[in-house]
Amino acid sequence: MERIIQQTDYDALSSKICALQFSYLPPNKGTLSEPIDETLQSLYQDIKSLHFEYYKTLKEESRNVYGKINKLMRNPFPVMNYGTYLRTLAIDVSLIKFINSFPIDQHFQIVNLGSGSDLRFIQYLNMFGDRVERFIDLDFKDAIILKQKILKDSITLDHIIQSYRDKFVMLPGDLKNVAGTLEKLTQFLNPKIPTIFITECVLCYMTENDSKQLVSTIMNEFPTGCWISYDPIGGSDVNDKFGTIMKRNLMDSRNLEMPTLLIYNSKSNYPQRWDNGKSEIVIKDMWDFLSESISDIEKKRLRSLQFLDEIEELKIMQSHYVILNTTWT
Amino acid sequence: MELDKCLEVLYKGQLLPEVTIRALCFKFKELLIKESNVIHIQTPVTVVGDMHGQFHDLLEMFSIGGRIPDTNYLFLGDYVDRGLYSIETIMLLIVLKLRYPNRIHLLRGNHESRQITQSYGFYTECLNKYGGNSKVWTYLTDAFDYLVLCCIIDNELFCVHGGLSPNVQTIDQIKIIDRFREIPHDGAMADLVWSDPEESDHLNPENGMDPNNLEEFFKPTSNQFQVSPRGAGYTFGRAVVEKFLESNKMSRIYRAHQLCNDGYQVYFDGLVTTVWSAPNYCYRCGNKASILELYSTNKFYFNVFEEAPENKLLKENFNNTYDDSGRITSKVINDYFIDDGSDDEDESFRDVDVFSEEYQARSASLRSVQYFL
Chain A
1 MERIIQQTDY
11 DALSSKICAL
21 QFSYLPPNKG
31 TLSEPIDETL
41 QSLYQDIKSL
51 HFEYYKTLKE
61 ESRNVYGKIN
71 KLMRNPFPVM
81 NYGTYLRTLA
91 IDVSLIKFIN
101 SFPIDQHFQI
111 VNLGSGSDLR
121 FIQYLNMFGD
131 RVERFIDLDF
141 KDAIILKQKI
151 LKDSITLDHI
161 IQSYRDKFVM
171 LPGDLKNVAG
181 TLEKLTQFLN
191 PKIPTIFITE
201 CVLCYMTEND
211 SKQLVSTIMN
221 EFPTGCWISY
231 DPIGGSDVND
241 KFGTIMKRNL
251 MDSRNLEMPT
261 LLIYNSKSNY
271 PQRWDNGKSE
281 IVIKDMWDFL
291 SESISDIEKK
301 RLRSLQFLDE
311 IEELKIMQSH
321 YVILNTTWT
Chain B
1 MELDKCLEVL
11 YKGQLLPEVT
21 IRALCFKFKE
31 LLIKESNVIH
41 IQTPVTVVGD
51 MHGQFHDLLE
61 MFSIGGRIPD
71 TNYLFLGDYV
81 DRGLYSIETI
91 MLLIVLKLRY
101 PNRIHLLRGN
111 HESRQITQSY
121 GFYTECLNKY
131 GGNSKVWTYL
141 TDAFDYLVLC
151 CIIDNELFCV
161 HGGLSPNVQT
171 IDQIKIIDRF
181 REIPHDGAMA
191 DLVWSDPEES
201 DHLNPENGMD
211 PNNLEEFFKP
221 TSNQFQVSPR
231 GAGYTFGRAV
241 VEKFLESNKM
251 SRIYRAHQLC
261 NDGYQVYFDG
271 LVTTVWSAPN
281 YCYRCGNKAS
291 ILELYSTNKF
301 YFNVFEEAPE
311 NKLLKENFNN
321 TYDDSGRITS
331 KVINDYFIDD
341 GSDDEDESFR
351 DVDVFSEEYQ
361 ARSASLRSVQ
371 YFL
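Chains as they are written, first to last, in my numbering: chain A, 1 to 329; chain B, 1 to 373.
FYI, nobody ran anything at the bench for these hints, they're computed from the structure.
Glycine residues also receive a C-beta, built at the ideal position from the N, C-alpha and C atoms.
It is possible that part of the hints are untrue.
Quick list of simulated restraints, FRET-style, between CB atoms [what the hints assert, rightly or not]:
id: 1; chain 1: B; residue 1: Pro69; chain 2: A; residue 2: Phe307; range: 35 to 45 Å
id: 2; chain 1: B; residue 1: Pro166; chain 2: A; residue 2: Gln41; range: 37 to 47 Å
id: 3; chain 1: A; residue 1: Glu2; chain 2: B; residue 2: Gly66; range: 45 to 55 Å
id: 4; chain 1: B; residue 1: Asn303; chain 2: A; residue 2: Glu221; range: 54 to 64 Å
id: 5; chain 1: B; residue 1: Ile41; chain 2: A; residue 2: Gln41; range: 55 to 65 Å
id: 6; chain 1: B; residue 1: Thr20; chain 2: A; residue 2: Lys152; range: 53 to 63 Å
id: 7; chain 1: A; residue 1: Lys48; chain 2: B; residue 2: Gly66; range: 48 to 58 Å
id: 8; chain 1: B; residue 1: Gly66; chain 2: A; residue 2: Met251; range: 50 to 60 Å
id: 9; chain 1: A; residue 1: Ser49; chain 2: B; residue 2: Thr20; range: 47 to 57 Å
id: 10; chain 1: A; residue 1: Val282; chain 2: B; residue 2: Tyr100; range: 34 to 44 Å
id: 11; chain 1: B; residue 1: Leu31; chain 2: A; residue 2: Gln41; range: 55 to 65 Å
id: 12; chain 1: A; residue 1: Ile155; chain 2: B; residue 2: Thr20; range: 36 to 46 Å
id: 13; chain 1: B; residue 1: Phe302; chain 2: A; residue 2: Thr329; range: 49 to 59 Å
id: 14; chain 1: A; residue 1: Ser304; chain 2: B; residue 2: Arg181; range: 54 to 64 Å
Interface residues of chain A toward chain B, partial, derived using beta-carbon atoms under 10 Å [unchecked claim]:
id: 15; residue: Thr84
id: 16; residue: Asp142
id: 17; residue: Met246
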């Protein structure tokens, strides 16, 4: 089961490479309203070269994994590229906004739970340098080991890692084992400064109880924190079968379970796990995000990349993915 | 060429040899070249919307609506792309048309085009099932050029794939279009297959009507054509529809082109209706589908149905494919399913450009339903 969940990272990486290849990412200048737009532009400066370097090194490091990811690069349908673009942007916009909400000299920490092949640590350490006291990537042991190998094997990437070796930590762990996870995290984190936690398609693979426990334990342990969570929701409308079908498709095709897809199935109940009466919660679905946050000029650019012949499918898919931002003190 | 023999093969979901497809396309074009851009038929007839290569749902549809020639059918286009069985779908319909020319009529949809089928699956499906040297895609897209554009039922029901055009006020204007070509980017022919009725979502309680926003509630649709969010065609409001129907002495418009969660969608108090016939669109959307059974001009029934149970058994289906030298090879196509754990070491050793057509074609057979994971 662990391997099955772990391999969803291959889907994520292949989607990201596709979105980069087809130039959905990086977004153009003027995608968001100022001044966050400038920050975003700087953040994404080297995003393509970083990912392509990672992917190239991966090929040399593990033919098996590379083969699996290669297989996933099929029919890069526009809806998939749009979705990957939105997912990536939404999380980074959330991160930037949180960071901007701290006092200008405030140091902070970022923890990417279930990080997989994500390379945000490079972007954020490059961008916010001194202020980032710690950046932690946590994932299953095998995933961490592979990532470590790849980063070490690439001269470019290794050089970057070395320059941040006092800040960047890769931790093997199992999020189901909450106590164990917390024990590892607290070794490297300072509870006195704000910590931003990220779960990008992670909680959706956990059981209701496990995910509840993880969230509440972390919120208790870290008195000041933020959380960014991106997940699919099954849909709560009685006529909405998207979630049921998604569950079935994933189960039939790859034995992948989505235990809470139909439980935390709407924007109103998804935030329950973070609601302790004092936390500030903002939740949007990705269709909202596309409609409200992406400028018209950027929308026009996206349309020019591949011919998107209809909106309905895009809307259905994106309305079933949410981005949650929460802060607590 | 025994058409019945072809039908036997096709109803089983098997592929015909390329040389047969070539001959059938030739005959098909021969038949259609005599047709006007606007055909006239009579009820009873069953109207079918987009099928998008969902072959098992097409068979399901026939079992619900009745087989040809027992039932008359009018298909509104979009036979290919997105679903995994575009070839099986379009070939069955072509042979049925040749075998029972008065029992089935096929309109052209916006996906019956060279450009769009290169992005949405039909082209890669042809390469995959018939090999890199095959001309199947060319034969079929050439045949698409001959499909008629509209149909009028009982002299009063106007049927088209997309919708209306600012370049078309009368039926005669449609008749003089030169349709025997690739769908252009704009102009009357493009509009007919691309346009959409304007949404008045706020009048549909299922779409989250805001009871506090009465202004939105009473807002009428516009009097003019508006630019479409699709990037082709236009959107048109009630006033435009009323004018068109009045000028041409018709009472209603039936069209397809837009996904409907319930299988069909009524606009403007019934002046325009969308019929959508691909259930669980892209194997992901979970929508219902419908066919419109027209007994007479004013007696009709929307027969709503869901995904065929066979779709769940697809991984056990056998399909023939043709290798590059034209020989049939049988292979189990795990159409939905990634070969989890299979050793594709060969694949990973080769320095393949994953964005190349060859790669895409090879991968198409291993395609799975994609989500963000």
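Here is what the structure says about each hint:
1. Pro69/B with Phe307/A: 35 to 45 Å: holds (38 Å)
2. Pro166/B with Gln41/A: 37 to 47 Å: holds (40 Å)
3. Glu2/A with Gly66/B: 45 to 55 Å: holds (51 Å)
4. Asn303/B with Glu221/A: 54 to 64 Å: holds (58 Å)
5. Ile41/B with Gln41/A: 55 to 65 Å: holds (58 Å)
6. Thr20/B with Lys152/A: 53 to 63 Å: For Lys152/A against Thr20/B, whose Cβ atoms are near 57 Å apart, the range 53 to 63 Å holds.
7. Lys48/A with Gly66/B: 48 to 58 Å: holds (55 Å)
8. Gly66/B with Met251/A: 50 to 60 Å: violated (35 Å)
9. Ser49/A with Thr20/B: 47 to 57 Å: Holds: the Cβ-Cβ distance is about 50 Å, inside 47 to 57 Å.
10. Val282/A with Tyr100/B: 34 to 44 Å: Cβ of Val282/A to Cβ of Tyr100/B: about 59 Å, so the range 34 to 44 Å is violated.
11. Leu31/B with Gln41/A: 55 to 65 Å: The hinted range 55 to 65 Å holds for Leu31/B and Gln41/A, with Cβ atoms some 58 Å apart.
12. Ile155/A with Thr20/B: 36 to 46 Å: violated (57 Å)
13. Phe302/B with Thr329/A: 49 to 59 Å: At 55 Å between Cβs, range holds.
14. Ser304/A with Arg181/B: 54 to 64 Å: Because 25 Å falls outside the window, the suggested range is violated.
15. Thr84: Thr84/A check passes; min Cβ-Cβ to chain B is 7 Å, inside 10 Å.
16. Asp142: Where the cut-off is 10 Å and the nearest Cβ of chain B is about 15 Å from Asp142/A, the hint is violated.
17. Met246: Holds, about 6 Å.
In this structure, the hints that do not hold are numbers 8, 10, 12, 14, 16, in rising order.
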